[in-house]
Each structure stands twice: as structure tokens, then as C-alpha cells.
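Respectively, the protein sequence lines represent chains S and P. The first sequence runs 6 to 561 under our numbering. The second sequence runs 6 to 561 under our numbering.
Misleading hints may appear alongside valid ones.
To be verified - Where chain P lies over chain S, by a calculated footprint (3+ residues, C-beta under 8 angstroms):
| # | region |
| --- | --- |
| 1 | 164-175 |
| 2 | 191-202 |
| 3 | 298-310 |
| 4 | 514-527 |
| 5 | 540-550 |
Claimed, not checked - List of simulated lysine-lysine pairs, BS3-like, C-alpha gap at most 25 angstroms:
| # | chain 1 | residue 1 | chain 2 | residue 2 |
| --- | --- | --- | --- | --- |
| 6 | S | 187 | P | 56 |
| 7 | S | 183 | P | 329 |
| 8 | P | 329 | P | 382 |
| 9 | S | 278 | S | 96 |
| 10 | S | 183 | P | 41 |
| 11 | S | 329 | P | 183 |
| 12 | S | 187 | P | 183 |
| 13 | P | 187 | S | 41 |
| 14 | P | 56 | P | 41 |
| 15 | P | 329 | S | 41 |
| 16 | S | 41 | S | 56 |
| 17 | S | 329 | S | 382 |
| 18 | S | 329 | P | 187 |
To be clear, the hints were calculated from the coordinates, so they are not data collected in a lab. Model, not experiment: these values are computed from the prediction. All C-beta atoms, glycine included, are put in the ideal place defined by N, C-alpha and C.
Spelled out from the first residue to the last, the chains are:
2 protein chains.
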Amino acid sequence: MSETFFETHRQTLERAIEATRTREFWSPYPEMPSGKIYGENAAAAGEEAFKARLNRPFSLELPGADGTAGSETSPFGFELGISYPRANVDKLTEAMQTSLPAWRDAGPDVRAGVCLEILHRLNQRSFELAHAVMHTAGQAFMMAFQAGGTHAQDRGLEAVAYAYEAMTRTPEHTRWVKPQGKRDPLEMDKGFHVIPRGLALMIGVSTFPTWNGYPGLFASLATGNPVIVKPHPHTILPLAITVEVCQGVLREAGFDPWLVSLVTDTREQPVTKELALHPAVRVIDYTGSSEFGEWLERNCHQAQVYTEKSGVNSVVIDSTDNLKAMTQNLAFSLSLYSGQMCTSPQNIFVPREGIETDQGHLTFDQVAEALASGVSKFLSDNDRANAVLGAIQAPETAERIEEARSLGRVVLDSETRQHPDFPQARIRTPLMLSVDAARDEQVYQRELFGPISLVIAADSTEDGIRRATVLAQEKGAITWSLYSTSEAVQARMEQAALEAGVSLSINLLGGVFVNQTAAFSDYHATGANPAANSCLCDAAFVANRFRVVQTRRHAA
Amino acid sequence: MSETFFETHRQTLERAIEATRTREFWSPYPEMPSGKIYGENAAAAGEEAFKARLNRPFSLELPGADGTAGSETSPFGFELGISYPRANVDKLTEAMQTSLPAWRDAGPDVRAGVCLEILHRLNQRSFELAHAVMHTAGQAFMMAFQAGGTHAQDRGLEAVAYAYEAMTRTPEHTRWVKPQGKRDPLEMDKGFHVIPRGLALMIGVSTFPTWNGYPGLFASLATGNPVIVKPHPHTILPLAITVEVCQGVLREAGFDPWLVSLVTDTREQPVTKELALHPAVRVIDYTGSSEFGEWLERNCHQAQVYTEKSGVNSVVIDSTDNLKAMTQNLAFSLSLYSGQMCTSPQNIFVPREGIETDQGHLTFDQVAEALASGVSKFLSDNDRANAVLGAIQAPETAERIEEARSLGRVVLDSETRQHPDFPQARIRTPLMLSVDAARDEQVYQRELFGPISLVIAADSTEDGIRRATVLAQEKGAITWSLYSTSEAVQARMEQAALEAGVSLSINLLGGVFVNQTAAFSDYHATGANPAANSCLCDAAFVANRFRVVQTRRHAA
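Chain S on its own, in the form it takes in the complex:
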């Protein structure tokens, strides 16, 4: 069975490896929630499957299960009512360690086959997963289907591709023949065996449980590390379904299903630190606050720690030859998932003297007004607004909007919107403030997570670039965006991006947005500034999750 999985998916794996090398467009998981692709009944069946989860226990195969946890509330306004098994950490880790050697010795092909079958089955359940992501993370349905479903599957496959290539770079056996002049050569038979680090821990984030979680989960699993999935207590369901699918495939392939296990906790009785410091845990993947990410980096010496933390993303507007398309593009980026993305722009640096555009010179205030008006127009249709904004995941984020109003001059106020299907949904439109680069450093030099952006009056384009650079170096940044018609300014900003270690998008006008990255082609984060110590996905993300043990003997 496990060999069959590899043969079934071998071409997909090879194509995925090729895509990570060419970085051309490719995806095996169609991003359109279309009946023609997924089956005419897929949408209805997925919604039914989600609803059938509600208000009952969620069953998984977990050694040492002990009690239940779970109190998820949909940001769209209802209790999920699902109770998940809790685990005794010591009993669970002991069982997982006992199951490790069989998974280790199955080898790269079998493990990759199992991972690809899991991803295939997750893809088939994209509608169910979309509802699960929507009603935990608060993403609008389309985004939940894509970012929570197919794009997350892409990122998972990307990690398997890197892992497989890395593990198979070294042959399993070789004959080493060293000439000895006139004497017989020295001949040795050598064997190379990939071993995992140990147990892996994937700590899920509340907003992108699958998209940010799958790379670490699949990179660890493919390289032989049994994985403990520890979701955010507010966003358990998407990862619980994921673990269920993992366990089903592992069981079919003849392995212990708890090689992928779920550990839940509550805000009152958190278990993450205990897990992260457990001596058996040797790999940790984390997405979330900088504070906890830095704690992991500084304290979990027994483990390889991969973190994505917070940062402050900047846009520099120098000039444009298409004001309308620029404001439309930024309006979408500022509205998407109500700015709750680690890639959402926050700081928009504009020269105090204004900018040149295809509609003539605009003063600083006119630029701010054009940006605000772009967002207003884009969200004027309430259906479109609901399809893009989603809901505010955490009540704290909604509160942050209220508090932020006093931080600058309001150029666009945040509104509460109604969702036609979910009257209790927590929906807010973006707040946009105008501040001064020199006077308001305290305001813009921190992350204001959520739909809050700042139009910042800088002395010049160069001043804006310089401030964005220092900010990225000191506080981190995952995305930068530049609008400029000047090649010199573009080159200057590219140079600054190298200094700051930030990905840069230049003059985005059409259907590509600064806060979206495409697996196999775009890197997510760089690992070169405080926003993240690694990136999704590259060779460094997988290479240290396994080691190679060598044996050698004289050739027979």
C-alpha cells in the first residue's frame, strides 16, 4: 500500500521538485471551488461534513488520551461546540517514540508517498476544510478555500518536495575505491541512512492554521519525524481534520496512526511550553507572536526551531503612471482578510511634498485621500466587502481598531458591516490614519495587527526607504511594496531590500497582491530579519530536520 502511494504520486512529486527549481507557475491543487473540478456535490457535501462536526466529540487515535478540550467560537458568530481529546504528554510522546523506528526505516520514498496521499485527500476535502478555516480563523469562504485549502496544500507539497530532494541527494549505498599506486586499491562499501531528529512539534497559529502549519508538518513528517500538532485553542478544527486525514493514510500504509497526533489545550491550562521543552521534541515549527517565538528560539536548545513572528510591512510610494490601478491594488491588499495577514501592508511612506502621477502632481494629503477613497469604493458593495474582509478572528483585534483611532489623523474610518448569512459576525472595514515620519515614530514602529494602516509623511522617497529599512532590520518585515516610475528609485529600493532582507514587489497594479505569495515560486519571508528565522520554503527549511548515519566496511 505504502509503495503504491509513492508510485501513484511520483509524477506530482517530480513536477513539484522541478517547479521549486524553475520557480515558474505550477499547482496540482485547483484553487477554484468549482463543481466541474471537485464534483457537483462537493460544495454541498463539504458543508454537510463541516456541520456534522459541530456540537459533538471529535475522535482521533491518541495513546494516553485524557479528558477533552475545545471551546471554539466562529468569528461569524456561533459556538462550534466540538470537544477534542486531550493527551497526557508523557504517554503520548513515549508512544510516538516507540513508533518512530518503523517510520524512520520506511525510507524517503514510502514517507513521501504517504505525505502525498495525505495531501491528495486533504485536497478532496477542501470544501470541508474551507468551512472549518472560515469558522475558526474568520476568513471569507473563497479565501478559506484557497489560503486555507488548496494553497496550504501547495505549501505542504512544496515542503515534501524539498525534503525528498534533500534526503535522496545522498545515495543509500556506494562503493568507494581509492587507488593505492601499484598496490590493490582500497575498496569500501558504504551505507547512508537518513534518520529524523526525533519528535516534531508544530504550533499552529489562529489565523492561518493550515497555510502556515502544513510546511512544518509535512517537512517534519517526510523526513521521518513523528509530528505533534498543537493548534491555537481558538483554531483547532482545521488541524484536527488534518490530523484525522494523516492518521487514516498512515493506518492504511501500515504505520501507527499516532505518528501524527493532536494535542489540544486551553487558555487556562496551556501545554505548549511543556511540549516545546520536552526532551523528545527535537524540531519545532511556530507561527505567532514575536514574544513567544523569541522565547522558543532562546529556550528550546534541544530542538531545531523554525519561527515566523510579527513584523511591520512597508509600502513606499514615490510616483506612479497608473494612480487608479495602484489605489485599487492597495485597496484590495488593505482589505483582504481585514489586514490579519503577516503579509498585509501597514506603513505607507509618501513624500511630504507629494508625488508625480499620470493625473499630475498629488500632494501628500491627496495621495492619502486617493488611497482612502480607493478602499471606500472597493468596499462600497457590501457583498464584495464580505467576500474579501472575512471576520475579525480575535476580539482583541477589534478592540485595537478602536484604540488606534487616536494615533493619527483619521483619513478613512473603520466601519462595522453586516454579513447577510451571519448577523453576529465580527466584521470591520480598514482604518487608515495619516501620521508624520519624524514625529510619530512610536506609532508606526510597532505592529498594529488587523485592518489598520498608516500613511506616513516622509521627507522624501529616500527618507521613506531608509526608515522602512531600519524598521525591517529592527522589528522585522515580510513584505515591501514600491510604487515608482523611476528605475533609479527601483534600483535603490532593491538594494535596500537586500540590506533589510525583505521581499519586494514593484508597481503591482493587476491581479497580484503584495500580501499573496505563490508556492513553488515566491518565498514567504526570508529568515533574514526579525520577522522570521526561516522561510517557506527552501532547502534550509528541511535540511536540518534529518541527519545521515553512515556505515562502512571493506568491500566483499
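Starting from the structure of chain S, add chain P where the hints point.
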């Protein structure tokens, strides 16, 4: 010039990459110190060059040089009398950071070309380097030529090969075209730029300054990180010559020579901690004591830290069909460089009931006697002894031999030997003790660095394997060796090696020794137990020394 270097050495680089993939025998740097290969005058010229270094200042181009340091003494018994420039750390790091962008933007080809030219010139100076290694580390000349010269060059090239492959895995540019159904596709031009982490620090070890130092030095340099070379205060010269060669090639290629800089210190005024915590230092390579290695791993949060620390290496003797060859092989391994290798065997587990051999059953005591007698015979010729033993690098190691005598029953006592050319040389033959596995755990569960080995009476072969496993997991180990005619025992030990994360050599009888590894084929350490957090050399050793910054814009 810099492009020329790449073209000159391109084939060597490609061949090196291929060798790391096939792991077959290959080396571009001939290991025989032969006049036919290196030129009839090379040996004499190298010795002259070494002697010309003595008793004078060593000149390097170092911004912010301030005072001098250096008080090296040859383990063969004379003062080197060389004074090296000392550096003001802040001034030096500032200058190196200023020089970084040009090196970064030169790209992988140019950097690889410079690295290969450096290695080529180091190879041409192998005789001079051999004398420098001999009279700082204490290696005998042949070993200093090989381990200190050509094999170190191999390991440096191996690191460049991995680094080059990793950096060029991602294209510099790509066109990304995403279909949009009936609409025009989205087309983006993407650029990918390799950036270094920052400054790199290579902390040299007293015994193998070049062999253990070159991998980190060249991996960092090839990936764009300027490198601070910080030698052990007793073993400066080999690395000072290396830096001199690096600076010469960098200068010729049009770069600032201080992209590779030497920082020296003294035992009284150490500078390593200051360097290791410096915010500009983002990569650290270290070989040395576990204590300082763990301090680096736990405190240098701003840097990627690669360590090779100490461990306790085990041999398990279960049975043999060639007692004579086994004892000869082990005699060489125990004698080579007086056991001052991180790969030297220390603990030799033998079943208490004795073993089966081609010469019949041997009791435990007879096995210990055979091993002791093998060493005695091997070293009975004083010239051969001197050619293998080298000198004791540190006085503390000679003292340790004296102290160790009381730890068990002496089965072979350590002798002081005379060197015909260096009457003051610190030369000691191996001490071998017999101890009990259960009673003497405190004795053998720690590293006894130097020519000290323990023949340990275990309850059984299985008992020996189990004890070696726990020891490797808790204290670390770099090499294991097994002698057994039983396939079942071999398989059991291979399984234990996977659990312990240790490289295993089985039934070594001929010209391959457990303490030697061949670049491009054998991994040195695994990174999977406390003896090291990384290995020489694999993709993980290079992948996180650089990051990739991406830019994207709509296709023209």
C-alpha cells in the same frame, strides 16, 4: 580576473559537486608529499618558507590593527617567536561590513571562483602549511601534510561545492505565468538574490586548525559572508597563512582583502566571547570543548552556530576472523596523533566471557593483551612511532596521561619517546587500561582526551552495544567501530548507530581506520548526538548561511 578564476576552476567545482552526490572516491589535491607531483623543490621551499616566518612579525591587511599577539610554542620543542597583528573588533567589523555589499553582489560564480583559487594556492603551499601545522598542533609531518594540508583543502572544497549547489538551486530570474481562464494570464518577472547572513566567525581548534576550520571558513565565504578567523592562541600560524592567501586572492579579484581577517588574542585577554556576541556576527563555526560549544549554542542568539564538541568514541569487539589484522588496525588508530583526534577510539567494549577468533577463544584478558601487544609491536620501531604519534599538543594532555594511570589496571603503559630531530619534543605512546563496565562507569563515561584507551569488560556484546549507545546519546560520539563475524550482531550495531546517531565502521582490517574520514564520501560527525550539532559536510551545513531576497514586478 574574478570571472577567470571561476572559469579556471569550473570543472573542479562540478566534479566536486558530483563526488558529494555519488560519494565515490575523489580528490583534486594529491595527498602524497611527492616531488613528482608538487615539484622537486617544493619540499625544501616549503620548509624554508616556514622557517622564514619564525621570529618576526606576520603581516596582514587588517583595518583597525592595534598591537600584536602571539606566543606559539612547537610541541616539538621551540618557540615560534611570531607576532601577529591584533585587531580592534569594532573597527574591524565596521570595515568588513562596509566591504560586504560588493562581495554579496559579486554572486555565486565569482565567489566560488575566488574560493577555488584560494584552495588551489593553499594546495601549492601544502609543504609550508604542513610545517606550520606540525609545529603548532604537533602532528607528525606526513599527517600534517595530509590532514593539515590536502585533506583540509578537500574539506574546504567540499563546503564550496555544497554552497555553490545550494545558492544556484534558485535561478536569478524567472518569468511566472499564471493562467486566468479566458482572461490574459498573469505574468510576473521575478528576481532572486542570494544574501549572506552577515559576518561569519570561525573559531579555530588547537589540534586541527585547518581541517576543522576550512569547512566553515569556505562555506561562509562562498555564501557571501566576510569571515573573521579566530585561531586558538596556541595554533595561529596555519590559519594566519591561510588568511594571507585569502587576502591575496581577494585583492587580485578586486575585493577588499579584509573580507577574510585574522583576529588573535591571548589566554590572558581572550576576545572570542566578545566576537561571538557581536551583533554583526551572524554565523559561527566552532570546534573545541563541549563547555564552550554549549555556551555558544545557548548564548549567541543572533548567529547560526555550528559546533563540533567532544565525545566518547566506542569500539565493540564481539568476534573476529582475523585477530592479527584487527589488532594492527586498532594499534594504528590508537597511536595516530597520540589519540588527539575527536575521532580516536577511547572505549573498547569486550565481553567479559571473551571472544571467538581465528586463533580460537580468547579470554577478556587475552583480548586486552592482544590489543596492548599490537600497539607495542607497532611502535617498537622508533622511527615509525615518531612518524605516527606526532607530539602532544597541550601540556595538559601529557599530565592527563599521568593522572589516568590510576583509573584502571594498566595493560599497556605510556612511554616517553625521543624524536631524532627534536630532542625537546613532547612525545608519548598510548596508555591502555582495563576496567569493568558496571563498576567503572565514572571512568569511561567521560572523554579522556589524548593517548588513553580503556578495554572495558562488558556482560556481553549486547551489553557493550547498549552502554555505547547510552554514552553516545548522553555524552556524544563521532565514531564507532565494531568487530564481529556475526551478521546479526552487525545488524544490531547498525540499528544502535541509528539510535545513537553515530557513524559506524565494521571490521576494519586494512588501510582504512576508524579515525579517518574521506571528504566527498564520509561524513564527519552526524549532528545527531551531543558531539556536534552539524556535520562535515552536508546541505544543512551551508543552507542557512545565506538567504534569498526576492523581487517581483509585472512582466514588461
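Checked hints:
{"no.": "1", "hint": "164-175", "result": "holds (count 3)"}
{"no.": "2", "hint": "191-202", "result": "holds (count 8)"}
{"no.": "3", "hint": "298-310", "result": "holds (count 3)"}
{"no.": "4", "hint": "514-527", "result": "holds (count 7)"}
{"no.": "5", "hint": "540-550", "result": "holds (count 6)"}
{"no.": "6", "hint": "S/187 <-> P/56", "result": "violated (35 angstroms)"}
{"no.": "7", "hint": "S/183 <-> P/329", "result": "holds (23 angstroms)"}
{"no.": "8", "hint": "P/329 <-> P/382", "result": "holds (11 angstroms)"}
{"no.": "9", "hint": "S/278 <-> S/96", "result": "holds (17 angstroms)"}
{"no.": "10", "hint": "S/183 <-> P/41", "result": "holds (20 angstroms)"}
{"no.": "11", "hint": "S/329 <-> P/183", "result": "holds (23 angstroms)"}
{"no.": "12", "hint": "S/187 <-> P/183", "result": "violated (61 angstroms)"}
{"no.": "13", "hint": "P/187 <-> S/41", "result": "holds (16 angstroms)"}
{"no.": "14", "hint": "P/56 <-> P/41", "result": "holds (23 angstroms)"}
{"no.": "15", "hint": "P/329 <-> S/41", "result": "violated (75 angstroms)"}
{"no.": "16", "hint": "S/41 <-> S/56", "result": "holds (23 angstroms)"}
{"no.": "17", "hint": "S/329 <-> S/382", "result": "holds (11 angstroms)"}
{"no.": "18", "hint": "S/329 <-> P/187", "result": "holds (24 angstroms)"}
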